[in-house]
Amino acid sequence: MEITGAEAVMRSLEALGVDTVFGYPGGAILPAYDPMIEADFTHVLVRHEQGAIHMAEGYAHATGKVGVCIVTSGPAATNLVTGLADANMDSIPVLAITGQVATTAIGSDAFQEADVTGITAPITKHNELVHTPERIAGAIKEAYHVARTGRPGPVLVDLPKDILNARFEWAWDDAVDLPGYRPTVRGHGRMIREALELIAAAERPVIYAGGGLVRAKAADELYEFATRLQLPVVTTLMGRGIFPDTHELAIGMPGMHGHYAAVRALQEADLLVTLGARFDDRVTGKLDAFAPLARVVQVDVDPAEIGKNREVDVPIVGDVRVVLEQLNGVLNDKADRDGLDRFLPDTAAWRKHLAEMQVEHPLRVEQPETGVLKPQTAIRAIHETWGDEAVYVSGVGQHQMWAAQIIPYTRGGQWINSGGLGTMGFAVPAAIGAKVGVGRDVPVVAIDGDGCFQMTFQEIAAAVQHDIPVIFCVINNGYLGMVRQWQHLFYEDRLSQVALPQDCPDLMKLADAYGIPGFRAMSIDELDTVLEKAKAITDQPVLLDLRVDPDEMVFPMVPSGASNDDLLESVEEWHARVAAQNA
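Residue numbers for the sequence shown follow our numbering, so the first one is 1 and each next one is one higher.
The hints are simulated quantities; they were obtained by calculation from the structure and are not laboratory data. You can take every hint at face value.
Calculated pairs, PhoX-like style, for lysine-lysine (alpha carbon to alpha carbon, straight line, at most 25 Å):
{"hint": "1", "residue 1": "K535", "residue 2": "K509"}
{"hint": "2", "residue 1": "K374", "residue 2": "K535"}
{"hint": "3", "residue 1": "K374", "residue 2": "K533"}
{"hint": "4", "residue 1": "K509", "residue 2": "K374"}
{"hint": "5", "residue 1": "K141", "residue 2": "K65"}
{"hint": "6", "residue 1": "K509", "residue 2": "K533"}
{"hint": "7", "residue 1": "K217", "residue 2": "K308"}
Pair ranges (Cβ atoms, derived):
{"hint": "8", "residue 1": "A355", "residue 2": "D19", "range": "40 to 50 Å"}
{"hint": "9", "residue 1": "L293", "residue 2": "E360", "range": "13 to 23 Å"}
{"hint": "10", "residue 1": "E134", "residue 2": "L30", "range": "20 to 30 Å"}
{"hint": "11", "residue 1": "R342", "residue 2": "G307", "range": "26 to 36 Å"}
{"hint": "12", "residue 1": "G515", "residue 2": "T227", "range": "45 to 55 Å"}
{"hint": "13", "residue 1": "E134", "residue 2": "G180", "range": "15 to 25 Å"}
No residue lacks a Cβ here, since even glycine has one placed at the ideal position from N, Cα and C.
Sequences are here, hints too, so could you generate the full structure?
Encoded structure:
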């Protein structure tokens with residue numbers, strides 16, 4: 001059957017089971033938007049191409065499937081760059097399809113031409129400029145496969161307009177043959193045994209659980225492994241929820257703004273069982289002072305991550321879910337044959353020590369009974385309102401750290417944020433994409449800051465147009481809060497270009513302009529009423545303006561570049577330390 005290249009794009013996506021595409025039409029991609037009218041998937045029309053890629057990311061975060069976006073050439077394609085870099089840092093599987101000028105015009109600086117494959121080569125797992133219509137199906141199918149296998153990540157297929165218009169004989173083959181692409185899935189048997197021997201000999205072991213576990217959907221395997229061996233678990237910013245915070249073995253989140261006990265657990269550990277985590281600087285602090293007493297087992301599907309930042313004693317390359325199955329399988333065999341006693345570390349004293357630290361060093365906030373609303377109180381109340389069944393999506397900044405600290409997460413994919421790149425503006429479109437992915441029965445709550453929100457709030461129009469009922473909660477402190485915090489601590493409170501007037505824009509008028517309900521809480525006295533009103537609305541987007549104390553800061557905190565041993569629990573502790581140094 002003879003079809004156009006544009007029709008081949010639609011058929012390829014349908015054959016791959018794609019159910020939603022986020023996009024924005026334009027000249028070079030226009031041929032693909034004509035057969036899209038009959039395509040067997042939903043298209044969400046965004047208001048900015050960056051919104052399309054972040055929606056695809058949110059969809060992928062929430063579902064584990066590949067998120068797909070489609071935009072035109074030139075500036076539309078370059079508007080994807082931030083989202084592609086974001087997805088690359090956080091290992092999110094997304095497929096970007098971009099239009100391109102005709103092959104005869106490539107290299108001539110034609111209208112809306114950009115070397116998209118060249119620009120995105122460093123921030124995609126794979127990309128391809130398609131030169132013939134016969135190649136379209138293979139290019140899309142292979143890119144889709146690469147995006148979701150091995151270490152997941154973003155891929156891009158660039159389609160010239162004349163290739164989309166060309167006619168050719170259609171053929172589809174489900175098989176994918178990429179001889180040079182063979183991700184290692186199973187861990188080496190000897191390394192599996194060595195890891196278990198190290199664990200059995202450890203006195204202060206910790207599972208350092210990262211976002212790779214979420215991508216691998218390894219929650220059950222992790223739970224079996226940790227509970228059987230009674231290993232304390234810390235979950236990184238990207239790994240939140242993969243091991244339930246409600247479990248007694250859960251120590252919390254490590255890192256620059258992590259929980260005190262989790263940070264100390266890594267510093268005092270004699271063994272780190274590192275699963276799908278990459279020793280990034282926000283967790284390690286000063287690298288040569290990180291976990292100084294610990295030997296390291298590291299499991300990662302990406303061999304480039306093994307030993308990249310920290311020397312490893314037992315390296316295991318493989319899919320972390322499969323490797324955990326192998327570890328659990330060996331333990332099962334040992335239990336059946338010899339009993340497990342000699343393979344179990346004695347962690348009782350260690351677990352007691354960590355539990356005591358959790359009690360002695362809780363998150364602290366002084367919330368007056370009336371009047372000013374603390375941001376931590378607002379976020380805790382948001383969780384109490386929508387509960388454990390909701391998915392929570394954040395922007396980047398103080399509100400992100402509070403949401404990561406305060407909300408007890410119990411499953412992978414329940415917490416969605418921009419971790420590695422730290423992309424402001426992520427929350428609004430990502431929440432929309434996540435809501436499309438999880439469906440109408442699961443609440444999706446965006447917890448955003450007033451700075452982040454103003455970068456991408458235009459995508460509320462897409463939510464309204466396509467009937468996507470997200471709850472948008474703006475933690476509105478009238479500042480770029482995290483920047484202000486750093487200026488206060490490290491620049492002698494010389495505040496430079498961080499003020500964002502709380503009424504510019506007036507978020508209630510903005511809600512009215514989009515035709516959605518809007519509610520504002522100015523104090524703690526109004527908070528519960530506002531949240532209950534918002535919860536009662538489930539058939540359309542809702543916007544909440546929660547006015548909070550602008551002076552509140554995120555603690556605990558490890559100053560940038562400092563050792564995790566320099567962890568601060570309060571601003572008073574910081575000022576006391578500075579005074580002592582200056583004395």
